[in-house]
Each structure stands twice: as C-alpha cells, then as structure tokens.
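S.K.: Chains as they are written, first to last, in the working numbering: chain L, 1 to 261; chain D, 1 to 382.
In case anyone wonders, no lab produced these hints; they're calculated from the structure. Quick caveat: nothing in here was measured; it's all calculated off a predicted structure.
Example chain L residues on the side facing chain D (calculated, C-beta under 10 Å, incomplete): (1) Phe50; (2) Met53; (3) Gly54; (4) His55; (5) Val95; (6) Asn102; (7) Gln106; (8) Val108; (9) Val111; (10) Arg112; (11) Leu143.
Take a look, some chain D residues computed to stay more than 12 Å from chain L by CB distance: (12) Thr5; (13) Asp43; (14) Asn104; (15) Ala128; (16) Asn144; (17) Thr148.
Quick look at which bits of chain D chain L covers, simulated, 3 or more residues with Cβ under 8 Å: (18) 324-335; (19) 340-350; (20) 356-369.
We put the beta carbon where it would ideally sit given N, CA and C, even for glycine.
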Amino acid sequence: MTTGAPLIVKNLHVSIEGKEIIKGLDLEVKPGEIHAIMGPNGAGKTTLGFALMGHPRYEVTEGTVMLGDQNVLEMDVTERAKAGLFLAFQYPFEVSGVTVANFLRQAVSAVRGEEIGVWEFQEMLAEKMQLLEMDESFAGRYLNEGFSGGEKKRNEMLQMTLLQPKIAILDETDSGLDIDALKVVAKAVNSLRGPDFGAIVITHYHRILDHIRPDVVHVLMNGRIVKTGGPELALEIEKKGYDWIKAELGIVDETAEAGVK
Amino acid sequence: MPTVTEPRFLEERRQAARSLTESLQLPAKTDEAWRRTSLEGLDVTQYRPVPARVTLKGSVPDGVIFTDLLTAAAEHADLVAQYLGKLFPMDQNLLSASQAAHLNGGVLLYVPRGVVVPEPLQVVYEAADGEAQYVHTLVIAEDNAEVTLLERYEGTGDYLSVAVVEVFPAQGARVRYGYLQNHSQDAWAFVFRRGVTGRDATLDWVGGEFGGALVRSEIVNNVDGAGSESSLKVVFGATDRQHQDIVAAQIHSGPFSRSDILGRGVLSGRAHTVFRGNGQINYAAKNASTFQRQQALLLSDKARADSIPALIINEHEVEGAGHAATVGQLDEEQLFYLQARGLTRAEAVRMLVLAFLAPVLEQIPVAELRDEMIQLMGEKVK
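This is chain L alone, in the form it adopts within the complex:
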C-alpha cells in the first residue's frame, strides 16, 4: 500500500530553549535501509527523533528535511505522521481512559485518511499482536497506564507495525529491555523490512543490532554525525567505547559521556 520514500536531512540545526543541540547534521535513509545511530549521552540522539517528528519545543534553526518530495519541516506533527514518519518513543506517555484498541483504531484511520472497519481492524490487530507475542487482554487496557517498561515498548512496536510508516525512528526502544522483549522489537522491525520501509534505530548498545542488522551505522557526537560505517563499526564501539573516535577526530566535548554505559 505505501511506497517508500527516502528521508534526506541536510545541515540540520536544532535548539531547545535557545541552546543548540544538533549542529549541522546530514543523513540520508533510502527505502529498504536500516540505519543505526549510536552515540554517548548528550550527543543529541533523542533531540534528533523529536525534531524530525516535529515536537514544538525543538526548534529547527537551519537545514532541510525531505521525505521524498515532501518538505517535512513545513508540516505539523499530524501531517508528518500521515506522510509516513513514525517515532517510537523512549518514554511513551500514559493516557488513562483511552484503551489501546480504541487509540490504535483512531490512529490507523487517521493515517489512512479513512475510517477503518471494525472487523478489518480487529483482524489486523490480532495478527500483529500475535506477531509481537502480546496477550489479547492488552487491547482493552488503558494506553500505557500501568504498563511495564517492556509492555510500553511492545506497544510502540504494535503501533509501528499497524501504521506501516515509510520511515520509522526508534528512540532507544531497546533500552531497559530483557532479551525476549528485545527480540520482539527486532521482530517488529524485521517484519516491516523491505523496499518500502526505512528505519533509524537510535541506540546506546550494540545488542539490538545483533537482531536487527543495520545497513549503515553512524556515530552521533556533539550534535553531528562524526563517523559512518558498516555493522562492524557498532561492534568496535561496543568493545572500545567512544574515546577512540574522539581522539581520532580531535573532538573535545566535556558534556558527552565517555564510553558506552
């Protein structure tokens, strides 16, 4: 149904309350590609996700972001979601009083631009929940309320598989997950993998990349992508931390934490 589109970010600068966090970032994710973005704390990883999705607190001061031929920076958050951008939140918000099923049905209808039928939706939901090894009762619970960390992340993945975005951004979806939950996250991404789907997997750890094999690995430091390589780069970081990259590139950054946590 959706056909893929490349996400092209050029010279992106993002500030929060006047403080520049992203300082000239370039990134191109083609349909079918999975990019991992790794980096120490404070490098700007979460800021990148929120800025691409259009959070009003993250101010883009310079640069361009295109999704295919659409200018992402001219769209509000709703339009970006409808255009095919998806952000899996690191800390999904709890919404008491709205059931998961009700929310998902509205979201799928919104992104499709037409109301999805009850039966079609139920069928789709059941299929995706089975894929993600989720209990049926999940659909009747209030959105993220009282969910464990793992359940919240599964719920984000459920949303992603139902909404079938062109480009998904996973903001440290793997953080804090046990290996079973991690495999479920990987399963969700791998189920969408194909010529019409691109993803940016933002992570601290190499672990998830054993299950979602990235095509490209970037290192984000100081608000810029400072190094790009293949899957072997992630392994190297896992072993040696970030200090060697800083040394290699002569980066002096006191705010960024050295090494992998």
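Got chain L; can you put chain D on it based on the hints?
M.R.: Chain D alone, transformed into the frame defined by chain L:
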C-alpha cells in the same frame, strides 16, 4: 396544563407561596452559598409562566404511578400533599417561592412496596423563549422498590427554569436518578434536588451539565437511613461565557451509611464553573463514610473553575472521609504523542477530554444517556 380542578392543599400552598414572593428576594452574593454566582440582571417577572411541556416515556408495572404532577395532585392528593416540598421548603428565597406559587408542571413517580420497574423511565422538560418553567419531580419508592428515572432538560431561547426534584427511597429501596441538562445557552436554569434515604436504601445520582447561560444545580442528599448508600456523579462541560454553579452534598445522619461524590468538568472559552462538594457526617452517624473527588480541566486560559471541597465531621467514630480537588490543563506531551500517531490536534484534545471524563461516564448506568453525554461533550470541545 391538564384540565383538572386543583385540590385544596395545592391551592392553599400556591396562595401561601404567592404572598411569600412579595416579601422574598433572589439569593444574593452576600449569602455565602451564592457568593460566586451573581443573579444580577434576573427579573423573574419578565418571564411568563405557561403550562410546562412535560413528556413522560416508559411503561410501568401495575400499581406504579408515573404521571403528570398536576394530574397526580388531584388524583392522589394525599400522597402528593405528604411529600411535595418536604425536603425543599418554599420560604427560602424568591426562587423557591416562585416555583411553589407558579408550579406549572412536573412528575409523580410512585413505586409501591417491593415493585421493581425493569426499564428506566424518562421525563423530558422543554422550555421556549420568554417562558418561565416552574416544575417539580417527586420520586417516592416504598420499601424494597426499585426504579431508574432519567430526566432531560432542554429548550430554545432566553427563558427561566426553576425545577425542584425530591427523591424518597424508603427502607431497602433502590433508586437511580439520572439527568441531562441541555438547556439553551441563553437560559437561566435552577434545579434544586433533594433526597433522603431510608434504612439500607440506595440512592444513586448521576448527571451531566451542558447547557444554560447561568446554571445553579444542586444535589443535596440526606443519607439518613442506617446502612444506606449513595453515590453522586456529575460531569459538566462549559463553553463561551457559560456559568455553572454545582452543589453536591452528602449529609450523613445514618450509622454505617456510605457515600461518595465525583465531579469532573471541562471548561473552555470564558466559562466559569463552581463545584461545591460537601461531605458531612453528623453526630451519631457512627461508622459512616464519605469520599469526594472533583477535577476540572481547562482548555483555555480565560476559563475559570472554582473547586470548593468541604468535609464537616461531627462524629469521631467514622469509617472514613476524604476529599481531593484538582484543576489542570491538558498535557502537551500527551497531545504530541497522540498527534505523532496521526490524530489532529482537535481529535487528540477530544480523545483526552473524553478520557478525562471516562471514570464518570463509564459509571453511568444507562447506555443511552452515557452515549448522549459523550456526544454532547464531543460537540463542546469541537
């Protein structure tokens, strides 16, 4: 108005009330209970008392009386005389006196001992521009009787509505009273609801306030019977320049009696709401409990919600008592989250508003009333 000869007791009551209207005044802001609601600009004589338009719906088992109050007053004079105004004296102010003097419609619902009315009964009060509607609902449920009554208030234009509702569940009786106030946004609307529970009786109140230019809506319930129970749930939605003043009181005299009060409202525009919750446990109401929670959500920074919770405990052996009140705004992060899934801001707001009201809406026992409240609330936040 039905062409019936008024019984003597009603005629005398009207006369007494009429003379009271000559001396009594409207409630004034100097009265603490009315301090936040100004009736300045209200001239009751400007509105024309006409027979009230009252529609009754629903079928009842044998022995149950469900009929227009003025007809009932003639046909069941003793019954009506015994209960009319018992919990709401007419000599309080100009509104109570006018209502008694010009009483122009209402309902008597009488359920004899042990009778269960299976389906909810419905009453619709309608008013139109220039009219004064003075109505009275009496609900009398004898021992172990069960009934649900739903009232709806609606109208068009600038009018005055003064309604009194009195509910009497006797020993072991179970009464559910629900209402949907959807008056014209140009109307003055006053509703004074009173109840008293018999031993082990249950009286549940649930309502929705949506309409009216200026609304004073009271539920003052006397949890008198030992072991009796009462819940009170109100949702309110106020927009533009609407003013809604809601009183919700549970006054316990019965030992081992229990009650709660739950109020949730959503305000936008320059709306102003007042929610006075009062949980009171009188001396000798041993082991009684009363809990209340009131929450308001402001969708505009010009709207104002006054939450006034009170607890008055005059008995030291209580099972429990508490209150909580909050006034807040929608969470921008939640809105962002929903919008990031494709919902427009308006859809996200609507979703969060209904979610906020869900704890009250979900407990509305009649699906039809619940759905209508959801729809009205949805229209309010469009």
